[in-house]
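Undergrad: Here the structure of chain A is known, so what remains is to put chains B, C and D in place on it, guided by the hints.
Listed below are the residues making up each chain.
Number of protein chains: 4
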Amino acid sequence: MIKVAIIGCGTIASNKHIKAYMANPEAEIKYFCDINRARAEKAVADFKCGIAVEDYSIVLDDPDVEAVSICTPNHLHAPISIACMRAGKHVLCEKPAARTYAEALEMRKVQRETGKTLNIGVVNRFNTGVNLIRNMVQNGDLGELYHVYASFRSHRSIPGLGGAFTTKAIAGGGALIDWGVHFLDIVMYCSGDPKPLTVSGQTFSKLGKEIGNYAYINMWAGPPNPAGTYDVDDCVTALIRTEGPVITINGAWAQNIGVEEMYIDFLGDKAGIRLQYGKDFKIYGARDGALLETTPVFNSRDMFQNEIDSFLRGIRTGEKSPAHIDTVILSSQVIQAIYDSSEQHAEVILNR
Amino acid sequence: MIKVAIIGCGTIASNKHIKAYMANPEAEIKYFCDINRARAEKAVADFKCGIAVEDYSIVLDDPDVEAVSICTPNHLHAPISIACMRAGKHVLCEKPAARTYAEALEMRKVQRETGKTLNIGVVNRFNTGVNLIRNMVQNGDLGELYHVYASFRSHRSIPGLGGAFTTKAIAGGGALIDWGVHFLDIVMYCSGDPKPLTVSGQTFSKLGKEIGNYAYINMWAGPPNPAGTYDVDDCVTALIRTEGPVITINGAWAQNIGVEEMYIDFLGDKAGIRLQYGKDFKIYGARDGALLETTPVFNSRDMFQNEIDSFLRGIRTGEKSPAHIDTVILSSQVIQAIYDSSEQHAEVILNR
Amino acid sequence: MIKVAIIGCGTIASNKHIKAYMANPEAEIKYFCDINRARAEKAVADFKCGIAVEDYSIVLDDPDVEAVSICTPNHLHAPISIACMRAGKHVLCEKPAARTYAEALEMRKVQRETGKTLNIGVVNRFNTGVNLIRNMVQNGDLGELYHVYASFRSHRSIPGLGGAFTTKAIAGGGALIDWGVHFLDIVMYCSGDPKPLTVSGQTFSKLGKEIGNYAYINMWAGPPNPAGTYDVDDCVTALIRTEGPVITINGAWAQNIGVEEMYIDFLGDKAGIRLQYGKDFKIYGARDGALLETTPVFNSRDMFQNEIDSFLRGIRTGEKSPAHIDTVILSSQVIQAIYDSSEQHAEVILNR
Amino acid sequence: MIKVAIIGCGTIASNKHIKAYMANPEAEIKYFCDINRARAEKAVADFKCGIAVEDYSIVLDDPDVEAVSICTPNHLHAPISIACMRAGKHVLCEKPAARTYAEALEMRKVQRETGKTLNIGVVNRFNTGVNLIRNMVQNGDLGELYHVYASFRSHRSIPGLGGAFTTKAIAGGGALIDWGVHFLDIVMYCSGDPKPLTVSGQTFSKLGKEIGNYAYINMWAGPPNPAGTYDVDDCVTALIRTEGPVITINGAWAQNIGVEEMYIDFLGDKAGIRLQYGKDFKIYGARDGALLETTPVFNSRDMFQNEIDSFLRGIRTGEKSPAHIDTVILSSQVIQAIYDSSEQHAEVILNR
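Chains as they are written, first to last, in this note's numbering: chain A, 1 to 352; chain B, 1001 to 1352; chain C, 2001 to 2352; chain D, 3001 to 3352.
Worth double-checking, as some hints may not be accurate.
Said to hold, decoys possible - Derived, one-sided and incomplete: chain B residues facing chain A with beta-carbon distance under 10 Å: (1) Tyr1146; (2) Ile1211; (3) Asn1213; (4) Arg1241; (5) Tyr1284.
In short, the hints are calculated from the structure, not lab data. From the three backbone atoms N, C-alpha and C, an ideal C-beta is built for every residue, glycine too.
Bound-form chain A, shown alone:
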């Protein structure tokens, strides 16, 4: 039985991580830790197990705890992950790895020093449909994959305007780091995690900047705090050359175009795939002069369950996860390069 601690008991923890640990017969949650004590206590009450604590040093000091899920705001990902690894714990840290590439590199350094597991919560790597696509790409079904276009554009979806999500010192960034990390990671994963070469991009902070004037219908993690901070990007565009396909992205937490376009197009010279994010996908090919459109139907196992199961299994077996910091750090590097390119108004060269 692996003893687990949950650090940060917000939405993602209670809806996803905790449930998945509860459903795994090899894990037992010993601590629910949150600086907001009420949240930790609610978890104890809801899940009928564990001890509520405020200070995560209690977790660090308990040699019983083998595994930790870190579900805090982004600015705490690096320091807590590092502290946990140094205390001998295996870590599953929510995405993004960190606010900056420098922080992520530091995390990887400590992972290598300590030899502890450090997986990042890029949960789409455990999504059934995404893995079907990856298999097809890697199997050559698409021929040469030359271009990928990822669109994560929403009309109005800034989360918690004025709060942690829109404060750079906490979140590290906005639409790019919050949504883009998922889209870029899916692209990297399905493309075989190719090395990025050049990155030219631009981010924009426009629609949320006058908090009181932002018109919206629903707000996740809302309502807005008119006295809060808004210094992150709500729109991004970038062009990334890699050793594999060229990647183009357009993203917006909010834009004055009334559409939701959340998809990734994989363009191969033999076939292509449009994945509707979080939903299904279609395959487009050709044969004997006929154009083929294929709709797959399949059962999806809960991807968070897969993620947690894989984390726990890896602790036992040493098996390296597809969400290991070694591969996930590539999208961290790309995201950093987009922010850098945007500041410099020029392309950034990563490897050449």
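TA: Coordinates of chains B, C and D only, in the frame set by chain A:
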């Protein structure tokens, strides 16, 4: 009465230019010129006027002719335009200006030396809807226009595979120069023809490369010629920084994604517009906390008629056309930079 | 230039055969022959070529004529085909080959004696979609093809009730020989023309038997002749074992079930196909645990044009057609066996 | 009050039989018997009555028990039914009667010897809609019923792959015996239980044979057991001549055609009926030249309640049930003949 010569009597000439001259009371077509004599003679018969000639030097030598429409394949745009201007003719040359930026610069140089009119057939500058959008942008209705995304992506639309359209020596390029020129020119026109600063792009020549294996349903300017040439781009992506908005484009004559997405998104911080190419547009804004979607309905005057009328009026009045080489050369410069960036796998800096 | 005679100038001749010969640059129609002289003369007038004759012995006697299309009622297929081959003509005879298997065997015998071409108008062998399916089956894409179900069931479609179509002495049979021949032939063709082994079937002559009481909405080749003959099958069911798949058929020119179900299901252990007769098809497969439904889109060349072109090309080159009597005779054998099994109320064994 | 024992306390027992006995004022359940003691005990707890036993000899030995419902896997139907009748009990045995016709004959023999009731759970004979159809057929509303087509084809519905359902020694067969028994029995019942004459059929065991590679979305009685047995039919086709209509069936627990087609077509020369299995039906007729489509709407009494009520009433009154072994044995004979014909690749003659 302005005496006109038509050089090149193919589809665009007979369907558009000639009809518009016929409908303008101040113009009279004196020559139909085509190296394929039958086409020139057919025009004489169909339109019941003019003289059929094969050699355009007859046009050059006739001092009666004031104005020339050049509707030849792209590789003849520069030499014929230049010869006409040097012979004292005003020129309306079909788009793209030329195969390369160097050719276009040479055309502009001769225009400046001779003082003759040199308009390029960027006919969307005479489109009613496009002008409504331009007026809104220039008037500040969109607030700051920070990003423009142009999508010209088709499932299967390579024209005349193996023929003039897909032979670089004739056409200068593929999807980018043939379709992209229209989309980029609309973007530049509506944005106030801002100076381009950096260009990073990649073009791909994939789906047409095995001519015999290209699956398709209909082919404009077809059927394919299996023994012909295919050395142009069928897919392009690029990111362009300008003194105005950042521009991202995705284009494909053909792609293994079964959609037709032909539109331009203008993203402003007060409002935005999605223009469906060749069709209508929608305006997205907000007011007093409400999100507004506005559908304009309007009468469109035939844009080719506007183009020809403007050309003829300019000859009489000296009024500079929005399609003058001085402004159109900007998209020529951007297209060249995309091809250059693609070859160098790196961003090209134009002005800084 | 191949000189052609058309024997029988009814609907199938004028709508299909004649037009296809006119569109083939290597053929020239010399005779239009019909016992109804007015029909032959109308063809001469409509198509502005050829000579109208009533007696097909004129065709037989003209050494100029190389090729003949036989578009008469079924009872004349055998005698005229045989006479033409004996007179040295190549023959394309409309389907079914003949009224009975015995007649078809006689035709094949004469074909072998004379060495002349004898193709049967099983035109679906020249259908683009059918050939795509055949290629997939033969290529193993369906795995083992173990069962085929052909449904040709209509609510009300008895043609020309009381006329040639419903008179056994003329037509040889009803729904089975008129529609079933197409469905069985597609099945045989796509399955690789496997040898039939056992046939158990039953035909029924029910809904047309009281001609005056037959309720219907539209009637092809109508209206009904209350004084005419109705002694053919309007419904059929059969189970056929072959060296390849087992085949089940249900057919009805008319039935008291208000549906039109005109399709063929090809069931393989790796994938399956439902072909909507005369329309499109869908492919059903599986991959990595996902169920795939694929819709092909393709250009169809006119199948009658393909049929005639293939007939003419075969005359020049000696190339054996997929519609040669040697393969088509298999469905003739199966149809005969269904009629025999129906009379005997017992399975017929063909090969074992 | 009739004392009842339930032997086998799985799904069909608890969802159907037990509830119906509880709702009948003349019955009282004394024993819940299951070799899995926990299931028997759960029934006692859920229904708050009876005694949980593992060994059905306790039932046999208790003279108090008059009636027994046998809801075990198929291989126990014959031995337990026979033991119960010999012990003086009236028996309602779930369908199919037995794994083989020989077993069913043995059951009938013992029924005749003992004089006890032996009804089979062909519950559709107690379905309101089915009885409406039977009445119409028997009343001559359809005229001569000449052909019946039963389709029980599903895309993916193999139950409990690798378990009892797919193990021949337990279940006796697959799609044919599990689903076909219902469809054939409805056909026989509505047609007046005509004597079968000839049977030609073929069964196939294809889609489940590689248990690990079977793609599916949901599985009833699942999940699959990769180490289990799969030696039953997943597809069947057959043609059956009877003293009444000819019957054609196509059935599939699974097939690579993405449809669910579960219906029976009754073709009469005056009218026809399509029954959607488990749902409603439509009547197609004609009158005064008009084609009529009639949709009946009616209240359905729960068919399991009808079945149990009829069983209990028969015990009191001696009234013979429509589900008596004497009539149900006909479909047992037909099913056996289909399996035999499939093995012999030839038609089986039953009566002539």
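Undergrad: All the hints need checking, so say for each whether the structure fits it.
TA: Each hint, compared with the structure:
1. Tyr1146: Since the shortest Cβ distance to chain A is 5 Å, the answer is holds.
2. Ile1211: With a closest approach of 13 Å, the B/Ile1211 hint is violated.
3. Asn1213: holds, 8 Å
4. Arg1241: Holds: closest Cβ of chain A sits about 6 Å from B/Arg1241, inside 10 Å.
5. Tyr1284: At about 5 Å, which falls below the 10 Å cut-off, the nearest Cβ of chain A leaves the hint on B/Tyr1284 intact, so it holds.
In this structure, only the earlier hint numbered 2 is contradicted, and the remaining ones agree with it.
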